[in-house]
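Chemist: Okay, here's what each chain looks like letter by letter:
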Amino acid sequence: MGFFLETLIGGLMSGMLYSLIALGFVLIYKASGVFNFAQGAMVLFAALAMARFSEWLPSRLGIESKVLANVIAFALAFVVMIAVAWLIERLALSKLVNQEGITLLMATLGISYFLDGFGQTVFGSDIYKIDVGLPKDPIFLMESTFQGGVLVNKEDLYAALIAAALVALLTLFFQKTGTGRALRAVADDHQAAQSIGIPLNRIWVIVWSVAGFVALVAGIIWGSKLGVQFSLSLVALKALPVVILGGLTSVPGAIIGGLIIGVGEKLSEVYLGKYFGGGIEIWFAYALALVFLLVRPQGLFGEKIIDRV
Amino acid sequence: MEGSVTLKALAGAGMPHRKIGEVILDVQNISLRFGGVKALTDISFDVREHEVRAIIGPNGAGKSSMLNCINGVYQPQQGAITFRGKTFKHMNSRQVAKMGVARTFQSLALFKGMSVLDNIMTGRNLRMKRNLLWQALRIGPAEREENEHRAVVERIIDFLEIQAWRKTPVGRLPYGLQKRVDLGRALAMEPQVLLLDEPMAGMNVEEKQDMCRFILDVNDEFGTTIVLIEHDMGVVMDISDRVVVLDYGKKIGDGTPDEVRANPEVIKAYLGTTH
Amino acid sequence: MKFKSLAIAAAIAVGGAALTSGPAFAQAKDQYIPVLSYRTGAYAPNGTPWANGYVDYLKFVNAKGGLNGVKIVWEECDTQYDTAKGVECYERLKGKYGGASLVQTLSTGITFAVTEKAPQDKIPIITAGYGRSDSQDGTVFPWNFPLAGHYWVAADVLVQHIAKQEGGWDKLKGKKIALVYHDSPYGKEPIPMLQERAKMHGFEVQLLPVTHPGVEQKATWLQIRQNRPDYVFLWGWGVMNSVALKEAVATGYPRDKMYGVWWAAAEPDVKDVGEGAKGYHGLAMQHGAHPNAKITKDILEAVHGKGQGTGPKEEVGSVLYMRGAMSAMLGIEGIKRAQERYGKGKVMTGEQVRWGLENLALDQKKLEALGFNEVMRPVSTSCVDHMGPAYARIHTWDGSKWAFTSDWYQADESVLKPMVKASAAKYAAEKKITPRSPADCQA
Amino acid sequence: MLYRENGQFKTSYRADLQIFPIAQDRIAIVALLAVAFVVVPLVADQYYLRAILIPFLILSLAALGLNVLVGYCGQISLGTGAFMAVGAYAAYNFFIRVDGMPMLAAVLLGGLCATAVGVVFGIPSLRIKGLYLAVATLAAQFFVDWAFLRITWFTNDAPSGSVGVRNLSVFGLPIESPVQKYLFTLTVVVVFALLVKNLVRSAIGREWMAIRDMDVAAAVIGIRPVYAKLTAFAVSSFVVGVAGALWGFIYLGSWEPAAFSIDRSFQLLFMIIIGGLGSIMGSFFGAAFIVLLPIFLDQALPALGTAVGLRLDTAFVSHVTIMIFGALIVFFLIVEPHGIARLWSTGKEKLRLWPFPH
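Chains as they are written, first to last, in this note's numbering: chain A, 1 to 309; chain B, 1 to 275; chain C, 1 to 443; chain D, 1 to 358.
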């Protein structure tokens with residue numbers, strides 16, 4: 001029982017981290033109809049920037065305070081991500097409007113190659129450290145009820161909390177701010193939005209910047225878990241089933257989807273894994289998403305598609 | 001309007017020596033809902049062999065939905081449809097097609113990526129029997145079959161006077177021509193009943209006249225029964241034998257053009273709106 | 001217009017193609033060694049120091065006058081640890097400068113692929129500490145040389161070590177060993193050996209695969225926390241290792257019960273875990289980290305001293321750097337040995353080099369001369385045994401550096417040999433290969 | 001004035017229905033085949049045959065298969081690598097386990113197994129559409145990767161799970177030397193290209209395209225979406241499976257699931273998008289582009305470096321290669337979203353009109 005709880009909690013927290021990345025996909029898809037495969041590359045890029053800045057600031061500019069260094073590095077990294085967003089919009093997206101989904105998807109793959117190469121050329125391809133002071137040691141709950149207690153990974157706990165906070169923040173941003181409303185307008189109908197004078201290009205830059213911000217946060221959390229290097233860009237693959245399960249256009253979908261996938265894959269690996277020889281969680285996540293889709297082809301919270309003639 | 005007055009005369013074979021036959025298609029108490037929205041409520045009407053039957057009504061009256069029920073795109077919640085004495089609660093698209101019901105679409109539903117030729121050829125697919133392997137090897141029978149059907153399609157192309165665009169992707173054709181291809185694809189199925197969903201929408205007078213001619217020719221030469229949705233009252237009254245009037249998913253009138261014209265409810269609901 | 005621009009682009013491309021077309025056939029006055037490495041991709045952090053060590057050593061040899069006067073030329077190609085790309089690199093490089101004298105694939109996948117091509121190309125393949133274990137059998141794998149041991153040796157030595165810790169083989173009865181492995185041919189190589197040993201001594205092996213790249217291991221470590229194995233063998237690779245260690249910290253599994261194979265026991269694996277990895281053991285096949293070995297000093301002086309260093313000074317002497325250097329050295333010594341037979345100061349062909357590698361005799365004296373004396377134990381091969389005695393030690397991470405914590409071990413021939421024979425025989429049968437006769441060896 | 005079709009009148013539908021209605025095209029293609037079959041083996045050296053032409057041909061075949069599914073039937077799949085893997089491992093098992101099983105037969109049987117798997121993973125396409133389907137097909141990718149790593153029977157219980165083949169031959173002729181391998185591959189590819197071309201210009205091809213362009217209308221004229229989609233999956237994965245078998249048997253010789261990883265799937269998708277969706281020729285163009293470009297850059301950059309007198313280190317080169325590769329892909333998608341094949345036809349149009357502008 002205690003162990004089951006442990007697995008459950010573990011799953012929930014991994015799930016939260018997945019949703020953090022899934023969020024990036026959803027934001028961009030909502031606003032520009034692009035399925036952004038470059039999300040993973042953006043995570044890596046942001047993390048590399050953060051890691052290297054926080055390393056260079058003390059060494060080159062002699063900023064002692066670690067906190068200050070991290071803060072500045074964070075700000076700089078965010079600026080970098082905005083620049084990236086702007087460039088992507090200018091050089092690629094604005095020239096690809098009204099292309100088919102698959103073409104856009106491939107374009108973002110191209111972009112991700114570019115970012116991978118570029119990031120590692122500029123920032124290097126070694127393993128780098130991000131240390132924002134997330135605690136590493138475990139905590140044990142309810143040791144009275146279960147022997148050994150229920151282990152909770154403190155780092156993941158903090159990460160999950162940060163992720164949750166970010167989601168809340170974004171929801172506010174969408175609901176309350178003018179830009180947010182504009183974004184939703186664009187999401188609903190490009191032409192209409194344009195006709196009432198919402199500048200699409202600017203909106204897209206904003207969305208990609210926001211996605212860049214999400215990528216940065218995700219990059220920092222994952223980076224401090226894994227260490228920053230190429231593999232970081234592959235965590236995107238863990239987020240894909242989350243996105244389709246939750247529905248490409250739904251922020252809450254990304255969250256719920258993330259939790260379902262997280263819990264699902266952990267439980268499957270721990271309890272079914274042994275019968276299959278282990279290593280099943282990666283495809284199990286996709287299979288799970290697939291099953292949900294067979295019931296709701298547009299994902300849990302996606303808009304329904306009716307074809308008319 | 002004044003263009004359409006002379007339509008019968010224009011459509012050379014207009015003088016009806018075609019005798020209207022038995023009821024071929026009978027729609028009984030069809031009701032169709034999308035969630036809360038009622039698209040059709042308790043619609044019944046019949047179609048006789050060889051006749052030109054029109055369905056009219058304001059926008060959103062449920063005309064297209066009616067056709068969609070007939071060829072199985074939508075599944076009505078209530079009612080039944082009898083075709084040649086066989087009664088169905090739900091129609092299955094392929095079955096309907098096999099029984100010889102063809103269809104054109106209001107908002108063009110052509111295969112944009114394919115040439116005019118291929119679009120019309122798809123109408124023959126039901127009749128092509130050779131299996132994958134034969135098609136892959138494309139020798140002997142498979143090739144012969146392809147050529148035979150190609151010949152039929154060429155006749156249709158000539159009939160519709162679109163020879164010049166044979167190999168053009170339909171996506172690039174002007175609207176009027178696309179409408180013809182749409183018709184051609186339906187004709188390629190050699191249907192007994194032809195459902196036409198606003199074949200003349202958005203056409204100028206000349207194009208309308210051409211289209212009317214095609215429709216009437218089809219009706220005369222091949223004796224094809226025609227169910228027609230049309231907005232242009234003039235056209236409808238001219239070329240159709242009987243008319244069903246729908247409004248907000250309900251049937252408010254049924255009969256010969258003159259009867260319908262006289263029907264006060266129709267005047268209120270429909271004609272009222274056009275003027 | 002856009003049509004035109006593309007036409008131009010194409011034209012440029014073609015022009016460029018002309019510029020690079022065809023392998024450059026220099027006349028064979030230099031001994032040519034192609035270098036397959038990966039400095040990019042998911043595994044770059046581990047691949048880079050290896051490549052630097054390898055290239056540095058080649059530079060070092062040239063600086064010291066080459067192979068009895070023959071200069072070494074090399075060309076590097078980045079495989080990204082991808083088999084298809086690796087094969088392309090191999091094909092691209094092997095023909096240049098009058099033909100490659102030997103190749104080191106640095107990837108289990110590429111090793112397997114190249115092994116199929118070697119017999120036609122007549123290029124010996126050195127896999128120092130990796131590759132396929134059964135390729136030790138020179139009669140079936142005439143071109144493969146798993147010098148300095150392979151994964152079966154590694155697994156066997158680890159089991160021997162914990163047996164010693166426990167105080168005798170009999171103490172292993174009923175113990176639980178979890179193998180956390182990279183789900184790939186590399187990670188699966190040790191399994192047969194571990195199972196063999198488990199049968200012999202009645203301990204239990206629990207297999208826990210981790211899918212590439214291994215960024216998500218929560219489930220794995222929850223299982224470890226659940227059934228509390230007495231030891232964890234970490235057959236990890238790249239980021240997977242540091243993640244494993246961090247998860248171990250997070251689930252409170254004692255690091256000093258964890259043993260990593262040498263790919264999992266180098267600086268990049270523990271660097272950013274730092275203190276957390278304190279007490280974690282690694283298997284050092286032949287060498288470990290040797291910041292103070294003679295060869296390290298020599299390279300620093302003769303290569304980095306002259307500003308010729310491939311990588312940063314600091315990494316010279318680190319585990320993977322030393323692996324690179326030692327691998328290069330073994331190849332070079334093979335060539336030198338061949339020269340002893342086919343003529344000093346001559347350029348050796350692949351076939352001649354193979355003879356050299358088959359008759360390696362690096363005794364303590366030779367190693368001392370080379371500056372490798374405290375780095376490794378003697379290596380001697382034969383046409384039948386392409387590995388020779390493989391020695392290994394355990395070293396432990398003290399939070400800042402690797403330090404040796406055991407004496408030398410050697411794989412138990414009585415266990416190893418039959419397994420190699422059987423596996424090689426199976427391979428031969430499957431591929432319809434007739435093993436070499438001893439007579440053929442004399443050639 | 002050389003490239004014209006006027007003056008060439010078709011007197012029968014048969015003549016009008018041939019693959020290359022224009023005489024000049026027929027001549028060109030014959031010449032191309034002649035070069036490929038005769039000249040190339042004589043002049044090309046080992047490296048070009050083994051490391052460029054053979055992989056190019058095999059991947060073209062795979063792209064061809066994928067194009068049937070994505071280009072003609074409009075079903076996006078990211079699981080192509082999986083179907084290649086099934087083809088390769090199935091072929092391997094037939095080849096190893098059945099005594100005297102000829103290599104060609106093994107390869108084709110491998111293709112059939114891929115067909116079966118492809119159809120199974122195609123079933124969701126009946127309900128799931130577009131990007132959702134695309135991502136869902138990744139399930140196939142990861143599941144198959146896992147299966148071949150875990151189920152040791154597939155790998156004939158090789159300790160490492162990596163398998164390989166040797167001593168290949170077809171009808172008694174050995175397939176060992178690069179030239180032999182090249183010719184064998186070329187023949188297979190040409191034959192398959194012809195068969196697929198025939199399919200896409202026949203009834204079934206029209207059904208696929210109909211489903212792709214407007215599935216409702218297709219249903220109304222009596223096309224069964226189920227049949228059309230599943231046949232597309234079947235044919236596609238058969239071709240892809242055969243390509244996979246060749247990739248293992250002919251190119252790698254020894255392989256592991258990683259050889260058919262998700263990167264391979266993306267690579268193939270790139271080929272058909274860059275080359276041209278719904279175009280046989282496009283598959284070849286795309287393959288050429290995607291296979292050659294990185295190799296070319298990888299060698300050109302150092303050469304250029306030395307030309308301007310600086311020695312570029314390997315890591316830098318391959319990073320820059322990836323960058324340029326990515327950038328060029330985006331560039332291509334911008335200038336010609338319909339792929340190289342479209343450019344090709346535009347070029348031909350221009351040529352027809354030449355020297356008159358319009």
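Be aware that one or more of the hints could be misleading.
Computed Cβ-Cβ distance ranges for the label pairs, DEER-style [said to hold, decoys possible]:
| # | chain 1 | residue 1 | chain 2 | residue 2 | range |
| --- | --- | --- | --- | --- | --- |
| 1 | D | D157 | B | G35 | 26 to 36 Å |
| 2 | A | Y271 | D | P102 | 26 to 36 Å |
| 3 | D | D16 | A | V295 | 46 to 56 Å |
| 4 | B | A151 | D | Q46 | 45 to 55 Å |
| 5 | D | A303 | C | P291 | 31 to 41 Å |
| 6 | B | R144 | C | Q120 | 47 to 57 Å |
| 7 | D | F20 | A | R181 | 53 to 63 Å |
| 8 | A | L172 | C | P291 | 47 to 57 Å |
| 9 | B | S31 | A | L294 | 37 to 47 Å |
| 10 | C | Q165 | A | L294 | 15 to 25 Å |
| 11 | C | T405 | A | S65 | 51 to 61 Å |
These aren't lab readings, by the way, just hints derived from the structure by calculation.
The structure displayed is predicted, hence computed values, not measured ones.
All C-beta atoms, glycine included, are put in the ideal place defined by N, C-alpha and C.
Chemist: Hint by hint, which ones does this structure get wrong, listed from lowest number up?
Modeler: 1, 2, 9, 10 and 11
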